[in-house]
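With the hints as extra help, turn the sequences into a complete structure.
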Amino acid sequence: MANLWEIKANGYMPQRAYLKLMVNGGMSLSKVILLNLRELRRLRVIPSDGERYSRPSRQYEIPTFQEGMRSCRSTEKYLRPTLFCDHHDPLVIAIANELGAFKVSDREFAEAAYHFVKERMLLEERTINDVGETLVRGTGTCFHLITAFIALCRCAGIKARYKIFAMNMIRSWYDVVIQPDPFIKKWYDSLGYFVLEGEGEVLVDGEWLVANVGPEAEWQAATGTTITKLGEDSIGNWFNAVPGTMMRMESLPYGLKASLDLLHTIAPGSMERVNISMAAQKERGRRIIIEAGGLEAYDRLARARQGPRMPKLKLESMKQITFDG
Amino acid sequence: MGYADYLNGFEKLVTGYVPERSSWGPPEHALYGPPDPYRVPTEEANDLCFKAIKFQFDRHFHNNRMYHDFCLESNVCPEDITSFQDLCKVPLIPNEFFKDCPSGKDFALWLANVYTGELPQIQIKGANPTTDEVIKAFNDAGMAVFFSSGTGGRHTFMPRDMRSFQMNEYAMAKGVVAMFYPHWNQNMHGYLLLPNPFKTNLFAGRLGTIFVDIMKEVEMAIDREIDTELIKLSMSDGKGLKGRMVNYISKKRHQKIINDIISWIEKNQREGNEMAFVGAPFLLYATIKKLKKEGRSFDIGERGAVLTGGGWKIQEHQRIPESEFRNDVESVLGIRPEHCLDLYGMVEGNVWLTQCPEGHYLHIPNCYVHPMVLDDSYQSLGYGKVGRFAFLDGSMYSYPGFIITNDRVSMLERCPVCGRPGPVLEPGVTRVPGKESRGCAEEVRKMISVDMKR
Ligand SMILES: [Zn+2]
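So the protein sequences, as listed, match chains A and B. Reminder that position 2 of the first sequence reads as 2 in the numbering used here, one-by-one numbering, no gaps. Reminder that position 377 of the second sequence reads as 1377 in the numbering used here, one-by-one numbering, no gaps.
A few of these clues could be false.
As the list claims (entries may be wrong) - If you only want the chain B side, here are some residues facing chain A, beta carbon under 10 Å, derived:
(1) Ile1093
(2) Phe1097
(3) Trp1110
(4) Ala1112
(5) Asn1128
(6) Pro1400
(7) Val1417
Claimed, not checked - Within a straight-line C-alpha distance of at most 25 Å, the following computed BS3-like cross-link-like pairs (lysine-lysine) qualify:
(8) B:Lys1089 to A:Lys312
(9) B:Lys1252 to B:Lys1293
(10) A:Lys8 to A:Lys314
(11) A:Lys319 to B:Lys1125
(12) B:Lys1125 to A:Lys314
(13) A:Lys185 to A:Lys257
(14) A:Lys229 to B:Lys1089
(15) A:Lys257 to A:Lys159
(16) B:Lys1289 to B:Lys1256
(17) A:Lys319 to B:Lys1089
(18) B:Lys1293 to B:Lys1256
(19) B:Lys1290 to B:Lys1252
(20) A:Lys77 to A:Lys159
(21) B:Lys1105 to A:Lys312
(22) B:Lys1290 to A:Lys312
(23) A:Lys319 to B:Lys1105
(24) A:Lys186 to A:Lys77
(25) A:Lys31 to A:Lys319
(26) B:Lys1252 to B:Lys1216
(27) B:Lys1136 to A:Lys314
(28) A:Lys314 to B:Lys1099
(29) A:Lys314 to B:Lys1105
(30) A:Lys229 to A:Lys31
I should point out that these hints are in silico values taken from the structure, not numbers from a laboratory. The structure presented is a predicted model; accordingly, all values stated were derived computationally and were not measured. The beta carbon of each residue, even a glycine, is placed where N, CA and C say it ideally should be.
Structure representation (structure tokens):
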């Protein structure tokens, strides 16, 4: 158990914005539950003749940990272990070494870790657990997958952190994540946004690069989005962050596990329905990619559809412009 | 009269728009230099154009933070642009970029950050200035910030400095005068089917400024102050009390303008004056329809000229067929089709394409503009294919004038009808499907509805 100093220093305590989101999310959840008790009871379980979710097998071999494999032991911020993200775990060390830790440049390692998590680990709704367990299973929510990415980077001595925000999503995501389950739909619709979503960030050559490791290529094809690369954001792509909710964190905060556990206890059927829908969509995405003529061809098409690249404008104050009010 | 004397008559009237020749750089040589922007021999045009664009590209790369970063992201720097063939590498900014601007004080910073070069001192008053107040503060300080409006109430804002704006005015007028040769003369009486250029920051309106200098007496169709608020109102869907009011006033206002135009023609016809109609086609179209209905016609003949611009929409889904319009202009006003030309340009650039009298193809002033047509993946297509129009504007000082438009065009290497050497667009430019429809004529059309003054 962490002592008080660690709790504060490692950012385990939720930030203000996070607490606010949790309170709002919790209140709207309670309201949806209270107003839909009967329906919720029906939705809690999947009927015996209904379609069930079966977890796909792990997409990679687990390398063996060997004595002498290097890992970063720094206690510096963004390099030390945090909640559910202990990169001293032998499995993390073994995979990080296999991906080239301490042998390749930071950028090359970050790319390798990004591709490993994004392409080989699969999205699945479930409760929070330690990163080692996630790597054994090979699946998890975006928070599991971000944690895996962050642990691998930290293990290789590259600073990494969480970027957490509330968001609303584009229609094609809504249709597969929210729409399939009446309970989730009511909750999302009543709030107008999804309480928590996240991405990883890794510090490479002095610059924090965003790493959206959640959606696999098949999933992105099914939702009509581009196949994102390291440094490309989900925000402005398929998510829009709710203003004022963006948080950078060293650790997943206390309370996140409890809230996800609670959700799975209240509505296990709903979580399973989301998983069933996601699996079906990934299958559809796989066919879309084949029809487009492969991954690269699909990505080119999706990028063309997205429109031309826009310059980014940072609003900087200038001495020539003065305000008197 | 020979072309040199004809042009000389024009140049004398527009000296205020032309900087001292000794101060000219490549952009001025390309824009002010050629006697006829549509008749520069190809090799010479390419040379002028390359030098002007190269000059501007280097400036924007080194003096505009936003464009500098954009170029680095695109892996292009000034060393990569060394010949005319390299121009296709210049990173292009989608025109949508100029619509995504913030409001209040941030709008002022947005304009300032998009701008290339040294800004004058600009003081913005008030804690939460409106868009119009910000524009006014910039223009009071000597800038020429104008906007153009879209159907969704989204405006396009372009921060020009006076130098770039004067180049714009000059280029437009010279192109028109060259195409109308030998028909234009300074004793023409003009009717601007546009807002009063001195009372608006609307681009379509401000363009009229130079016509006041090159014609004798100029009448304005819409004589009131027009700001972004008014346009938002006039572009609204006509629902609600405000909307219904707008529609009602619109009808009255519309009739009044049509009657004014007819009286104006009668008066000038009586006095034997030369007449030029300049602006949105739908107003003239409506006038002709009314005259036709009443069985009346005029024989203006050689004394008349029509210059249209800004799009051919009359209703949400109805376009005026251009050739039918020219036939009507001939049968009802007696003005020959070769004296009825359309102009294509936009707030985003100083790029003015004028139709040739022979074939009504839109000629591109390729001595300072490099035109491109792009496919759906924003790659350059060759000649003869339909795609999205994009251009590099070698005259634009105040922001990177390297723009992707939402206009669907087909570009030909040469005009199939006349002997001018440069490339042309086929007549009938439309919007890329799925993009909001917008056009200066559309603005004027909807604006008349709220002109409550007269
Ligand atoms: Zn021609």
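Hint check results:
1. Ile1093: At 6 Å from the nearest chain A Cβ, B:Ile1093 passes the 10 Å test, so the hint holds.
2. Phe1097: 5 Å, holds
3. Trp1110: 6 Å, holds
4. Ala1112: B:Ala1112 check passes; min Cβ-Cβ to chain A is 5 Å, inside 10 Å.
5. Asn1128: This interface hint holds because 8 Å falls under the 10 Å limit.
6. Pro1400: Holds, about 8 Å.
7. Val1417: Result: violated, 33 Å to nearest chain A Cβ.
8. B:Lys1089 to A:Lys312: 19 Å, holds
9. B:Lys1252 to B:Lys1293: 18 Å, holds
10. A:Lys8 to A:Lys314: The given pair, whose Cα atoms are some 33 Å apart, is violated under the 25 Å limit.
11. A:Lys319 to B:Lys1125: 15 Å, holds
12. B:Lys1125 to A:Lys314: Roughly 23 Å between the alpha carbons, so the hint for B:Lys1125 and A:Lys314 holds.
13. A:Lys185 to A:Lys257: 22 Å, holds
14. A:Lys229 to B:Lys1089: Satisfied, since the Cα-Cα distance of roughly 23 Å is no more than 25 Å.
15. A:Lys257 to A:Lys159: 23 Å, holds
16. B:Lys1289 to B:Lys1256: Holds - the C-alpha atoms of B:Lys1256 and B:Lys1289 are around 15 Å apart, at most 25 Å.
17. A:Lys319 to B:Lys1089: Distance of about 34 Å is beyond 25 Å: violated.
18. B:Lys1293 to B:Lys1256: 17 Å, holds
19. B:Lys1290 to B:Lys1252: 15 Å, holds
20. A:Lys77 to A:Lys159: 8 Å, holds
21. B:Lys1105 to A:Lys312: 19 Å, holds
22. B:Lys1290 to A:Lys312: Judged against 25 Å, a Cα distance of about 50 Å means the pair is violated.
23. A:Lys319 to B:Lys1105: 14 Å, holds
24. A:Lys186 to A:Lys77: The given pair, whose Cα atoms are some 39 Å apart, is violated under the 25 Å limit.
25. A:Lys31 to A:Lys319: The hint is violated at about 51 Å.
26. B:Lys1252 to B:Lys1216: Roughly 29 Å separates the two Cα atoms, so the pair is violated.
27. B:Lys1136 to A:Lys314: Between B:Lys1136 and A:Lys314 the Cα gap is close to 23 Å, so the pair holds against 25 Å.
28. A:Lys314 to B:Lys1099: With a Cα-Cα distance of about 16 Å, the restraint between A:Lys314 and B:Lys1099 holds, given a limit of 25 Å.
29. A:Lys314 to B:Lys1105: 14 Å, holds
30. A:Lys229 to A:Lys31: 39 Å, violated
Figure legend: structure checked against the earlier numbered hints; hints not met, in rising order: 7, 10, 17, 22, 24, 25, 26 and 30.
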